[in-house]
Every structure is written in structure tokens, then in C-alpha cells.
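Participant: Chains as they are written, first to last, in my numbering: chain F, 5 to 115; chain S, 251 to 363.
Please keep in mind that the hints were generated in silico from the structure rather than gathered at the bench. Note that CB positions come from ideal geometry on N, CA and C, so glycine has one too. Keep in mind that the hints are not guaranteed to be accurate.
Stated by the list, open to error - Facing chain S, from chain F, some residues (calculated, C-beta under 10 Å):
#1 V8
#2 P12
#3 Q42
#4 R45
#5 E47
#6 L50
#7 V93
#8 I104
#9 S107
What the hints assert, rightly or not - Not close to chain S: a few residues of chain F, all C-beta gaps over 10 Å, as computed:
#10 S57
#11 G62
#12 T65
#13 Q73
#14 Y74
#15 R80
#16 K83
#17 L84
#18 S87
#19 P115
What the hints assert, rightly or not - Straight line, CA to CA, 30 Å or less: simulated DSSO-like cross-link-like pairs of lysine-lysine:
#20 F/K6 <-> F/K49
#21 S/K259 <-> F/K102
#22 F/K49 <-> S/K321
#23 S/K259 <-> S/K307
#24 F/K46 <-> F/K83
#25 F/K49 <-> S/K307
#26 S/K259 <-> F/K49
#27 F/K102 <-> F/K49
#28 F/K102 <-> S/K321
#29 F/K46 <-> F/K102
#30 F/K46 <-> F/K6
#31 F/K6 <-> S/K307
#32 S/K307 <-> S/K264
#33 S/K321 <-> F/K46
#34 F/K49 <-> F/K83
#35 F/K6 <-> F/K102
#36 S/K307 <-> S/K321
#37 S/K307 <-> F/K46
#38 F/K46 <-> S/K259
#39 S/K307 <-> F/K102
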Amino acid sequence: RKEVEQDPGPFNVPEGATVAFNCTYSNSASQSFFWYRQDCRKEPKLLMSVYSSGNEDGRFTAQLNRASQYISLLIRDSKLSDSATYLCVVNPFSSASKIIFGSGTRLSIRP
Amino acid sequence: NAGVTQTPKFQVLKTGQSMTLQCAQDMNHNSMYWYRQDPGMGLRLIYYSASEGTTDKGEVPNGYNVSRLNKREFSLRLESAAPSQTSVYFCASSPDSLNQPQHFGDGTRLSIL
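Excised from the complex, chain S in its bound form:
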């Protein structure tokens, strides 16, 4: 019963490096989300995908790109990592994007040096 799976769980990058965070869900959900959570702050939406084939910006999209590869997978890419992107990243999914709770993966802890 995997739910939402994120990889990797931990990553350290140097400034300017790129990487892709992977997320997959096995609940047949239509909507998927990427958040970041910084100490003392709430979750902030980076990008979301209401359904397969669509993606939209959230509150803090700058410095990130996403790909909804298929219904199951939604990846987040940092093209040129910056120290300000040090954070915990959570992927989530929901049956659809309207009025339904989200299910979260267990997060990726990313440090940019």
C-alpha cells in the first residue's frame, strides 16, 4: 500500500547543479502537487497538475519546472539550484483538485550548498 512515493529522500547539491525530484502515486488520483516547507512556515505550493496533461503555477514557482509524465508520475526539476531552495519538498495527490483532501509522500530533504 505505497500511496505517494518520493525519491530521493535526501539530497545535497552544490549551487548551480540541477536535479529532478520524482513522485509517483498508485491511488489513481487525477491531481498532483509539489510543495516546499521551510522552518516555521506553512506548506507553499510550487506547481500542481489538476489532471494528466496539465500543469499550473502555484505560489512559489520561480526556479522550478515540472512534468506530469503520466497519470501516476509528477516530477519537479531544479535547473540551477540556489541556497534559497534548501527546503523539504513534499509531493501530494488527490482524487481531483476540488474540495478533496490531499495525500502526501514522505518528503525529500534537499540542501543546497
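So that you can see chain F by itself, here it is in the shape it has in the complex:
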């Protein structure tokens, strides 16, 4: 099993839809989690950190499920500008050398 796994997609949804995707991780000792978005041929940009209690930022909600070892990202009322690749990031040992980036989930929002 890969240390961090994401469904590569693509997810193709209409504008205004709600879409969610998960990221599973294998190391139960993982300490910190993030979601990044990456536009085509651009650098990753932090979307949000993922806290144990879950957190929300506008239309975006991130959840952590430690028992099942996954994090999720929910996007409500999706916009065309949400089209991107979403990367999950897992830090298993609170050490920079062990930070793992998922391969990403491609999301395409259609008009």
C-alpha cells in the first residue's frame, strides 16, 4: 500500500455541484495534514490545513478521520476557477524528511 493515496480522477462536475475527495494514508503516527491546489504547470499553493476537529474555509471543508486514516476535502457550490489538481500532504513523523505529497486528484468544473 502506498503511504499516501489519492484517486487521480479526473472528477468532472458541473458548476454549482458539491464534490468531495479523499486521501488515505498508511502511517497511523501521522501528525499533520494539508490540502494544496496546483494549477496546470504552476506551483502548489496551500489551500488549507486539516485539523483534528475539522475545519471550514468558505466553500471548502476539510475533515480528518484518524480511525480510518483518511482526510477529505469537500467543495460546495463549485466554481469554474476550482478546476485544478488537489494534493494532499501528510507528515508522519513531524519531520521534514518524511513529508509525503499525494499524486493529486484532478478536478474539472464544466459550465
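Following the hints, position chain S against chain F.
Facilitator: Positioned in the frame of chain F, the structure of chain S alone reads:
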């Protein structure tokens, strides 16, 4: 508001040539990182520097060297470029190396012929 600046943005090399990728950050961050990203794959850590004066290997260090010149600058050197090193290289920084998100430069697209 520059953040993390990488140079050059594009480079084409011949096999066996050497070059240095430059990275500088103006956010007073302690930690800096070099990643490579290949098509269909996630970012893979090459080297990182948890603080000024220290460097450590990441997942894929072979064929690369780094220098943390000062707190702001972290360079990546390819001593003898190989076609397998064709990739997009990203530099990143974070306040420290524990539990904090990283900020990325806009990448260097490197092709080795």
C-alpha cells in the same frame, strides 16, 4: 511580495553538463526544501535544510548536491546531468520543519538531452 524566487525558470542541458538552480526566500523562514515533480507523480523531496547551516537528504538525493548559503538562499546543483533528471523542480520554504505548511516557488523546468 516575492515569497520564494527560483531561477532560472527554464533550462535545457546536455547530458553531462552541470548547473545550479537558485532559490531565495524573503519570509525569514528557517526551513527550505527542494522537490522534483514528474508527470503523474507527486512531489518527491530531494534535499532539505531544517535551518541555516544544516542540510539533509530526502527521498531522491542521488545525483544532486545542495548548499544552504545563508538563511535566505538554498541552491541545488546537478554535477553531471542525466536524462532521468528531466523534471520540474520546486523550491519551498516553511517557518520551521515541524507541522507547518510550505510555500513554493514557481518552479524550474529542466530538460536534459
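Participant: For a quick check of understanding: which of the numbered hints are violated here, in increasing order?
Facilitator: Violated hints: none; all satisfied.
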